[in-house]
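**Student:** Once you have looked at the hints, place chain B on chain A.
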Amino acid sequence: MSTFVEEATEEFTNGLELQDDTDLESVDSSSDEVDAITSRCVPKADPINRIGALKAFAADLELKLPWIETMDITATEEYEVPDPEDELKRELAFYTQAMDAINVGKQKVLDAGVAFTRPDDYFAEMVKSDDHMLRIRKKLLEESKSIKAGEDARRQRELKKFGKKIQNEKVRERQEQKARDMAKIKALKRKRSGSEFEGVDDMFDVEVTDDDEGDTGRGHSSGRGKKEQNSGKKRSMNRAQRDRKYGFGGKKRFAKSNTAESTGDFEGRKLKKKAKRPGKSKRKNMK
Amino acid sequence: MSNSSKPKKVATEQVVDDSPMDKQPTTTQKPVVKNKQRVLLLSSRGITYRHRHLMQDILALLPHAKKDNKLDSKSNLGLLNELAEVYNCNNALYFETRRKTDLYLWASKTPNGPSAKFLVQNIHTMEELNLTGNCLKGSRHLLSFDRSFDTQPHLQLLKQLFIHTFGVPKGTRRSKPFVDHILTFSLVDNCIWFRNFQIVEKDPATGGEHQKETNLVEVGPRFVLKPIKIFEGSFRGAPLYENPDYFAEAAMRRYERQMSKFQRQPKH
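Respectively, the protein sequence lines represent chains A and B.
Taking my numbering, I'd label the letters of the first sequence as residues 2 to 288.
Taking my numbering, I'd label the letters of the second sequence as residues 786 to 1053.
Please note: incorrect hints may appear among the correct ones.
Stated by the list, open to error - No farther apart than 25 Å at their CA atoms in a straight line, the calculated lysine-lysine pairs in the DSS-like style are these:
id, chain 1, residue 1, chain 2, residue 2
1, B, Lys987, A, Lys139
2, A, Lys246, A, Lys165
3, B, Lys885, B, Lys859
4, A, Lys107, B, Lys922
5, A, Lys45, B, Lys961
6, B, Lys922, B, Lys819
7, B, Lys961, A, Lys109
8, B, Lys1046, A, Lys109
9, A, Lys109, B, Lys955
10, A, Lys90, B, Lys885
11, B, Lys1014, A, Lys56
12, B, Lys961, A, Lys107
13, A, Lys277, A, Lys288
14, A, Lys149, A, Lys139
15, A, Lys283, B, Lys955
16, B, Lys997, B, Lys987
17, B, Lys1046, A, Lys274
18, A, Lys166, A, Lys246
To be verified - To spell it out: a stretch of chain B is covered by chain A in this simulated footprint if at least three of its residues, at any positions, have a beta carbon under 8 Å from a beta carbon of chain A; those stretches are:
id, region
19, 871-883
20, 916-928
21, 954-965
22, 1023-1031
Said to hold, decoys possible - Estimated spans, in silico, between C-beta atoms of each pair:
id, chain 1, residue 1, chain 2, residue 2, range
23, B, Lys859, A, Glu152, 19 to 29 Å
24, A, Glu152, B, Arg1039, 21 to 31 Å
25, A, Phe249, B, Thr917, 40 to 50 Å
26, B, Asp974, A, Gly248, 58 to 68 Å
27, A, Ala113, B, Gly1022, 51 to 61 Å
28, A, Val105, B, Arg959, 19 to 29 Å
29, A, Val105, B, Glu870, 31 to 41 Å
30, A, Asp87, B, Ala1036, 23 to 33 Å
31, B, Asn1000, A, Lys149, 34 to 44 Å
32, A, Arg270, B, Asn1000, 51 to 61 Å
33, A, Glu79, B, Asn907, 19 to 29 Å
By construction, these hints were calculated from the structure, which means they are not laboratory data.
For every residue, glycine included, the Cβ atom is placed at its ideal position computed from N, Cα and C.
So here's chain A without its partners, still in its complex pose (with noise of 0.2 Å):
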């Protein structure tokens, strides 16, 4: 303690170096302060501790009772906690603790004849109300669903990074699928071109529905309408899905108004702090 009161008043001095005379003064008086505000609070030197006197008040008070009356346990082992700040280890030394305690104490209650565990169909007033326990019960079952629901949502983000690589793949098949169909018809229409005498429209409907007979609906494209058309074709999403994207439904009225929260919200501005008003000795000088 004492070396960073040295520390602090040495970096006070130092920083003070640099101004006028004038303010020398004020070190003195200052590193005195320090001095002063320190002595407060270094460790008695001779702290009063009467051995003696201290055992014999305790042998004094000792209960010569038997143990049953008391019910204290003493360890014999020592648990020892390196760290006061490491809760872990600090919790378990006084669980092993009483739980020691408890190996020891639960058989001497019951050499005394006096009952120990407590039969599941007693009921009485306990230390923490029903309200209480279920206050607690409540309020563990919502930590474990927050935990639960943290890790679906990464869960989640992870499938979507997934998803993502899924999606690029199957545009990249189709266009090549379509490339491909296209190379065929360009083809097809170079074959076709040769030859004259043909009924070029009837051939070349059935030649292409020929080629393509997996790709279902593309092919009848002229004569048939859009409903039907639309109905083929496989939706990749549904109207749940659709809605959730697209939105559907909900007040559309005063989303941009002002709300109670976002009045008092000012994310991004700052306040101007209200100046202090100077002592009364300041302001008079001032004038």
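**Tutor:** Here is chain B on its own, set in the frame of chain A:
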């Protein structure tokens, strides 16, 4: 035979539990030996809600405690001895609040002492801890102490004080049968850490009455006691022990504030 009537009379007095008068006949005859402890539990004025909740949690755990109104006087703690006498109590737990932030706990053996003063830190009440444990209100508990409570003299004394105040005597009027929780006092970092665990005994899947699996589930509250001083008397008397590591909370805060001022200054 005159001896046999004497201890009985003492036992009914309630306040006296372990006086020499009580012990003499124990050697000759089987007397009425009973642990008679009653604890007066009260706070000073200006207690905050958190401190009050902690006090209520402790009260719920101690069926032999009697809660009294807030004490108005800050200077004359000797009043507590008289109050304890009025309520037939031979122990007192007094929660003293200073500046509406710091909580001090006095544990005292009224009326003649000794007494100890602690700073209460790291307070977590049952209400705010979402711990799943629960126990019977007023059931007796085991008291578990760290090994250091046998080695250091001032802790030996504190252990006895805790046994008197936190231990529920057998046959206390409002106590319930069965032992379903345990209080632990452990010394870590020169402070006494308090924990309260529920003892859960469950049959393993194979299910035998004798082979029960014991588990612990914490109930709360949690707090840490930093010993400040131990006095000979009850709320008075010469000090027996003084914690060298303890500094007044307000002084520490002022120290930090002032030192931070010095550190900031050179930068502009």
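**Student:** Looking at the structure, which of the earlier hints fail to hold?
**Tutor:** 5, 8, 10, 15, 19, 23, 24, 27, 31
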